[in-house]
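Novice: Chains R and H are the protein sequences, given in the same order. Positions 0 to 423 (numbering that gives the first Met the number 0) are the ones given, in order, by the first sequence. Positions 0 to 423 (numbering that gives the first Met the number 0) are the ones given, in order, by the second sequence.
What the hints contain is simulated information worked out from the structure, not anything from laboratory work. Incorrect hints may have been included.
One copy or any two copies: either way a pair holds, since identical chains are not told apart in the list.
Stated by the list, open to error - Derived pair list, reagent style EDC-like, types lysine to aspartate or glutamate, alpha-carbon separation capped at 16 Å:
id, residue 1, residue 2
1, Lys-143, Glu-122
2, Lys-30, Glu-377
3, Lys-276, Asp-310
4, Lys-235, Asp-176
5, Lys-30, Glu-90
6, Lys-19, Asp-51
7, Lys-191, Asp-174
8, Lys-329, Asp-176
Nothing here was measured: the structure is a model prediction, and the numbers come from that model.
In case you want the letters, here they are:
2 protein chains.
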Amino acid sequence: MALVVQKYGGSSVADATSIKRVAQRIVATKKAGNDVVVVVSAMGDTTDELLDLAQQVSPLPPGRELDMLLTAGERISMALLAMAIANLGHEARSFTGSQAGVITDSTHGKARIIDVTPGRIREALDEGQIAIVAGFQGVSQNTKDITTLGRGGSDTTAVALAAALEADVCEIYTDVDGVFTADPRIVPAARKIPRISYEEMMEMAACGAKILHLRCVEYARRFNLPIHVRSSFSTKEGTWVVADPDSEGTEMEQPIISGVAHDRSEAKVTVVGVPDKVGEAATIFKTLADAEINIDMIVQNVSAAATGRTDISFTLPTSDGPAALSALKKVQDRIGFESLQFDDQIGKVSLIGAGMRSHPGVTATFFAALADAGVNIEMISTSEIRISVIVGQDEVDAAVGAAHRAFDLDADQVEAVVYGGTGR
Amino acid sequence: MALVVQKYGGSSVADATSIKRVAQRIVATKKAGNDVVVVVSAMGDTTDELLDLAQQVSPLPPGRELDMLLTAGERISMALLAMAIANLGHEARSFTGSQAGVITDSTHGKARIIDVTPGRIREALDEGQIAIVAGFQGVSQNTKDITTLGRGGSDTTAVALAAALEADVCEIYTDVDGVFTADPRIVPAARKIPRISYEEMMEMAACGAKILHLRCVEYARRFNLPIHVRSSFSTKEGTWVVADPDSEGTEMEQPIISGVAHDRSEAKVTVVGVPDKVGEAATIFKTLADAEINIDMIVQNVSAAATGRTDISFTLPTSDGPAALSALKKVQDRIGFESLQFDDQIGKVSLIGAGMRSHPGVTATFFAALADAGVNIEMISTSEIRISVIVGQDEVDAAVGAAHRAFDLDADQVEAVVYGGTGR
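The shape of chain R in the complex, shown without the other chains (with noise of 0.2 Å):
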């Protein structure tokens, strides 16, 4: 008998209707002979909808007031949802974030999980019944407030409980039916990946891949826990995200690249006429963490001799572009740098590939790629396992389109090269 966890998102309990469909689902998994634990998103739009209240009553909304209003959200979805089992004749109880014992810190909105004792989680399944939990939420250890785990939450709740309660595996469903090469809506001869690296998940993930959120990638590999992304529409297996994606693998040989993914997301910020003295960067880059803004890429354009000054880019999630922005103007004098830019246009592409590390002429592949399809390179990082660019907004689809195939990713191209014989 397994024990296995499971998270449905808001889209698969947008209804009573698909509130039923999902209790027949976790009923079965049930009825296979494992015990289930279940986490559940709020349904539909409820979130958005509480938000939109909140706006009427108040413009800026104290945390803990805003955090006490949307875990209403899961509240109804998972008593409905505990309902719906009980309906179908199996035993369902439902459980808040505090009640599953989900401790985070105290900021609201963005609480990190610090703790899980599920105690009254396991008390349940002795007794034989499935426990439904609300996702995205907890409770505070030093307030005892009720606390939201912000993006990424319920998955992260998923993950963090399984890990807890030591489960076979944390099925995350979806409306897709896994993880994807690249985004189908660009690459429609994107193909799903069968099973995927924590680091690779992690990379795809943090380059703007939405499926899983980077914070859940990082809680399961810390605790090596397979999670089985799959979609709540069928029973066909989806991508399992695990420490060693190889060691069941029927392929032959690893892809050098599992996936291309993008982000338009993005602003790129540029201090322009820096002067080249120890310590002015230094001096940016502190004032820019003193405001919470996470900075993702940065260059440092070679200083030009005649002027001793240089200019200095870095890209940021464009909502954080205002508060950047004018806490930059703070500094402007103390810095001496000439003056600032912005630029939402952009967005980034990344090649993510854990076969990277042994195949070096990978960069110069993607930039011919892209060469050729006309896209022009704004700037460049890359990881061990990974290689992002910034291109203008308007080339994204056009880059990771020729990335995707520069890389043999295609779908109708595996099969030429199976019958082709290239030896790829």
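We have chain R already, so just place chain H on it with the hints.
Specialist: Just chain H now, with coordinates in the frame of chain R:
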């Protein structure tokens, strides 16, 4: 500095505009130098909408999960109210029933409060904050599950918290100006009662006056806590419910009758041809008690000497009718009664007044007024401060109007009495 507990019902917080209006009222109370604790119900139709969702997933949802679901309603309204207050520059913190220390038994759907431990509320007040508490809900002492208090639950929460906090007053806000001598929709000349005793208010509540629930008045009497029932749409004084309404009275003499209440929610069951033996009536009512059916009035006819049989009639909530009939049919053979009759076309009209104690002619005046109005009396029940009659449901309005006039409760009649100097 006084400690004021205010309770706002669902219609007072039906939308963002109403919530902002209530927030202003709360802040005004705080600014006047009071400590303020607010108990709030779910917004307008939220509870009905949640019940409808529950019905869509399960025809008979488990009580535990239904309570989990419904308590989302107050969670939403209380968080929004706290935000609206924060937006006015005052600090407010919202608390669930569990966080506020409302400890109950485990009877889902109609839990009873067994203790109130408002440590976190006191803390918030000590820090100068306004505390917002979810009405209608608590947490089970034994199972730690979330419970709801059932009908009148939010009023009861307010009174229970006020008692535990030793508040100076519990203000119950509603959409009318206070407690009236009769339902103004039936008797347009009905007047607001300025002060009324707990006992009279309890009789009014038990007899169908919907403005305050019996439970909450009982609770207030036990702790001698003054209740002020008033409109959330005006600043006029409403009705004070207190131990001794005459102590500060400006009226020269207490009226004999405080008010006329009516109730159309009951039905009458007649057990026909019960053998007139010792213990048969006891068996009937033991059977009903075992089925958890609350009986209101009972009449046993004088036994007919010829047959040795009698009829027993009783009233009960119409919704309990089917359960009562079914329970009685099971014991028909054992008791040997002939048949059962069920009549849901009845209404109860009650006169309530502490002055009755010293005015023995009340019953005669009441019955004469009903006879003059052509109203037939089916059953009669009395207490020290109340006379109730069962009449045909279509005669309720006539009976209420006749009684109101007969005891000089009509507003214009009172004027007439004063001017006429009849010495009433």
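Novice: Which hints, by number, does the structure contradict?
Specialist: 2, 8
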